[in-house]
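Chains A and B, in that order, give the protein sequences. Sequential numbering from 45 applies to the first sequence in the working numbering. Sequential numbering from 45 applies to the second sequence in the working numbering.
Hints were generated in silico from the structure; no laboratory data involved. Please read these numbers as outputs of a predicted model, since none were measured by experiment. Among the clues, some could well be false.
Pairs count within a copy or across copies, as identical chains cannot be separated in the list.
Calculated pairs, DMTMM-like style, for lysine to aspartate or glutamate (alpha carbon to alpha carbon, straight line, at most 20 Å) [stated by the list, open to error]:
#, residue 1, residue 2
1, Lys571, Asp191
2, Lys86, Glu528
3, Lys479, Asp510
4, Lys70, Glu537
5, Lys411, Asp148
6, Lys610, Glu295
7, Lys479, Glu97
8, Lys86, Asp668
9, Lys479, Glu651
Protein chains: 2
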Amino acid sequence: MSLISESAVTTSTTTLVNITFVPDGKTIAVESGQTVLHAARKAGIHIDAPCGEQGRCGKCRVRLLEGMLAPLTAEETALLKPAELAEGVRLSCEAVLTDHAVIDVPESSRNLAHRKGAAELRRAVTLAPMTRKVCVTVPQPSIESGDLRDDLTRLRAVTPGVTGVCLEAVRELHDAIVAGNATVTLTLYGDHLIDVEPGDVLSNHYGVALDIGTTTVVGYLMDLGTGLELGIQSHPNPQASYGADVISRIEYAQNNPAHTEALRQSVTSAVNTILRGLAESAQIDVNSIYELVMVGNTCMSHLFLGIDPVSLGHAPYTPVITDSMEMPAADLGLAMHPRGRVRTLPNIAGFVGADTVGVLAAGDLEKLSGLHAAVDIGTNAEVLVSVNGKVIACSTAAGPAFEGAKISHGMRAQPGAIDGVSIGQDLFIHTIGDKPARGICGSGIIDAIGELVRVGMLESSGRFADTDDVTHLPEPLRARLTEEGVVLAWAAESATGHDILLTQRDVREVQLVKAAIYAGVVTLLEKLGHRPEELDSLMIAGAFGTYISKEHALGIGLIPNIDVDKLVFLGNAAGIGAKMALLSREEYQTVCGNARAVGYVELAGDEIFRDNFAMAMMLAPGCDG
Amino acid sequence: MSLISESAVTTSTTTLVNITFVPDGKTIAVESGQTVLHAARKAGIHIDAPCGEQGRCGKCRVRLLEGMLAPLTAEETALLKPAELAEGVRLSCEAVLTDHAVIDVPESSRNLAHRKGAAELRRAVTLAPMTRKVCVTVPQPSIESGDLRDDLTRLRAVTPGVTGVCLEAVRELHDAIVAGNATVTLTLYGDHLIDVEPGDVLSNHYGVALDIGTTTVVGYLMDLGTGLELGIQSHPNPQASYGADVISRIEYAQNNPAHTEALRQSVTSAVNTILRGLAESAQIDVNSIYELVMVGNTCMSHLFLGIDPVSLGHAPYTPVITDSMEMPAADLGLAMHPRGRVRTLPNIAGFVGADTVGVLAAGDLEKLSGLHAAVDIGTNAEVLVSVNGKVIACSTAAGPAFEGAKISHGMRAQPGAIDGVSIGQDLFIHTIGDKPARGICGSGIIDAIGELVRVGMLESSGRFADTDDVTHLPEPLRARLTEEGVVLAWAAESATGHDILLTQRDVREVQLVKAAIYAGVVTLLEKLGHRPEELDSLMIAGAFGTYISKEHALGIGLIPNIDVDKLVFLGNAAGIGAKMALLSREEYQTVCGNARAVGYVELAGDEIFRDNFAMAMMLAPGCDG
């Protein structure tokens, strides 16, 4: 079946052509003579073009499925391989529209910030949050009518299912009935009445999904009446001033209630900044935020609740609590409705936290038949493997290289960070916010190493090539291979005034991290009697995970070498899990039960893991050097 | 069967005789030659003797059931009626012991403060409070054993039934496990973990039953491990400074949250004084008090919880809430364990409060077959009538005459208050604490009117007799009938230096009150198609009710004229109800359900009540002039 159903419409001066982009399914009519890249932009599809539409980086590849385009340009024939040309691959910055066409935009060509799936739910969730608002008219009492029931009893008569009541709500009840002329809006948490407002204010009903990372805190404002996401705000985790990583914060907090409380208050202040910011942006009252679902790693969960994480700091690394907790917002001093309810998603183990539980939820791991793995890459990497819904988990001490730490010019995914690298006639970079480069973040590191290995500037052992071995490469590219490492951005174009480099030590650091991740996956599979090639899917979660190149992740052996189609990006699974639990009490209950059912595998001292780790250092698909 | 099984033991100088007092069942051996009164005191049975053992007041009547006593004295033959003499009635201050004897001490002769039933539970209650303490040893985690479960999960494994946990308890959990060397004591409220302490401290488990009266607040400290009462403390309700009665406090509070809060804080300060006092006397820590059950009238319940009682102040007098409320102690700022739980017993209507619900519980009204009535006499009188367990209730605007208000020399039942009056050769009084008389309280008023009517100094119409009509009475008695009224205590013997009088206006005031009470009972009976003579029992509750004379209550028509054996004193039913709910969660749940099932009858504007009230003014049995 052809996706093109009409002929191009030619007017006196221009020709309007219909261009359909897949898999988005968007069709727009544009004037002929434009590039595919420009048409895509008009259609709201963001194709990455780090070389500035010069046809030199090859990053903007698309594929012509139906219809036709202007003939290949010199740049295209220089960059594209014969196999690609045979398949209809084109550079979207070069290919000019002449007639109707159907264009496939692969995920690898999409602008990082706009890749599908990031910060979105991965499937429909029934909107049925724990809180619900109900507007009722309360019958009036009178001696004449014989109705002498108290306010609450008359309220209950028209509101079935209210079993518990908050003292504060009772205190407000009579005034609200009077002020609302007998009409009031109730907020129920489950079957518990937590708020009474005069009149009909049903629509003021919001919730926040909160993802507390060791470094960054992110809040998502959700309209609990419609399920729509109204805003996102993030804030650095101020606990950083007590220690950059989890271990140093545990050391600060341990056995000192005042220190634990200081860390709690510290992150609470950031959460409150986010809550106020979300409310202000959406022009709502913070008191209309009735629910908050928090996710984070186990230590962040403990500190958010003011629980001393001391036991996480030494073997056997057991948490104080893994179960979901629930409490009034006032107990934690949060800037939302004081009787609104805060829930934490459950943790699984000391270093497999609620953020990983978000992966369970976002990936529906316990619903899938077959063999699946999921990797959540953050400061550590947590790995889940499921066989027909039975899930086991582990944490690998991967370390924070992909968050920019321990990398010479490493930085977090902030404006100016190199987050994409592609090599064609030269090495081209993309930076976050299209700012001058200030450093390199995780996805940039993977891209850089993947591209350098692909063109032979980096050996799969992890050693940089000698200058003599790369004489076949274009001069601008060769010039980048220096004694200090590979220059990703020259001083002249960088924001720092210095070269931005990837060094030999950086590569070694990445090898250690990627070996830990790879070995984690393979070890869990082995524990269940399976091998990587049997995987039906492998999911990558985490903000970082969303932005990496599938090809390079497979190419450098970050993950087992499976069919690229089996590789799925979950997006920020922690945030997605929190949103799902916020929007649906059924999802919340399911994920709590599922988390409890996960089997935890401790890798410390595990010989199978040790062996796999040693073998996983090679920068090659399947680590098969 | 004879209660005397041995012969008296005579030694050279004295004879030891065994005296048994019934219904107490106490037997003691005393030397012959003593009076029955002195022997009773030794046995811990307190017989009232307001004339100072002079055989002149007749108040200390007892009855010889078996054995023998010394012959009748002149005083006894002068005071006792032939029918009494035939039944073996004696004056215990006159009758001398000569041999073994079994003596019946009727309730009417007992010292007011020691009458049976006051401040005691009326039946056995299964000790099963809402909180329970459990001591467990938590398994230790280790990588070797493979037990990597978190602290709470390991705790739950040895403590079945814990479903919820308090955040603060979780915060304390790890430290407690370490400090207790794996042994901890848990406090559970239902299935909710509210406290964790290191080691075995099972025995530190207390609760308080709290009765908040408009005038006085009383707390009872109960050992929740043994069910024993460890102490009582009372404190004036400091809300009195905002208004002596409920109505004036409602007027102060209404529509002003700051005023409502001021009243809440006011009574809270008294409650905290009581809690600290109870803890200090019993040498326990206030943090070992884990439960508090509060009763009081509907307005006191509202103000204790900080709920504006405005709707109680105008028709149709509906409360904001009648259901039981439950909350952590910290929410009310009470001086007990902050995560301990506070419950209020339910109310029935605007002027039928949790104190009346205590009557339901103490009288088991919803368990009884047959026809029963209960009257709780305080500032108002609430009436309950049950037919085979179906209960209806009303409140009569009786007013506070029995609390001493609106009575010329009226006062509350405090030291120096005349609480008993008996007329023989003269008028004799008993005062609380045996202090010089300062005024007269409720039970004294009933006694005085009852005795004055009995001897003819007061007509049943409520008019004082003319001096000419009482010439048959002894001179000292006649001298008391003055133009101002009857002198109960002469200036020379009073604490005030003035005569303590009962005036004509006082009697009229009492007539209004007792008519309201009488009419309340009869009206409810009529609503159910019954008449007073069908009553199987009539219960009188309230601190006041405990101390009045059954004979006089019937004699002046305070209550319908039924067989005296059908009259039951419930004691401080409010306090008893609170204790029952505190000691047994089943009793608590039962009373909550029972309260909800009570049908409320509004007497305002009720014609049946109006008619009954008009007919009930007569000071005669059954108000039958």
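Status of the hints after comparison with the structure:
1. Lys571 with Asp191: between (68 Å within a copy, 18 Å between copies)
2. Lys86 with Glu528: Answer is neither: 42 Å inside a copy and 105 Å across each miss the 20 Å cutoff.
3. Lys479 with Asp510: neither (32 Å within a copy, 112 Å between copies)
4. Lys70 with Glu537: Neither. Shortest intra-copy (36 Å) and inter-copy (106 Å) distances fail the 20 Å Cα cut-off.
5. Lys411 with Asp148: For Lys411 and Asp148, the Cα distance exceeds 20 Å both inside one copy (31 Å) and across copies (80 Å).
6. Lys610 with Glu295: Result: close neither inside a copy nor across copies, 41 Å intra and 74 Å inter.
7. Lys479 with Glu97: within (17 Å within a copy, 107 Å between copies)
8. Lys86 with Asp668: neither (43 Å within a copy, 101 Å between copies)
9. Lys479 with Glu651: neither (46 Å within a copy, 88 Å between copies)
Of the numbered hints stated above, those contradicted by the structure are hints 2, 3, 4, 5, 6, 8 and 9, listed in ascending order.
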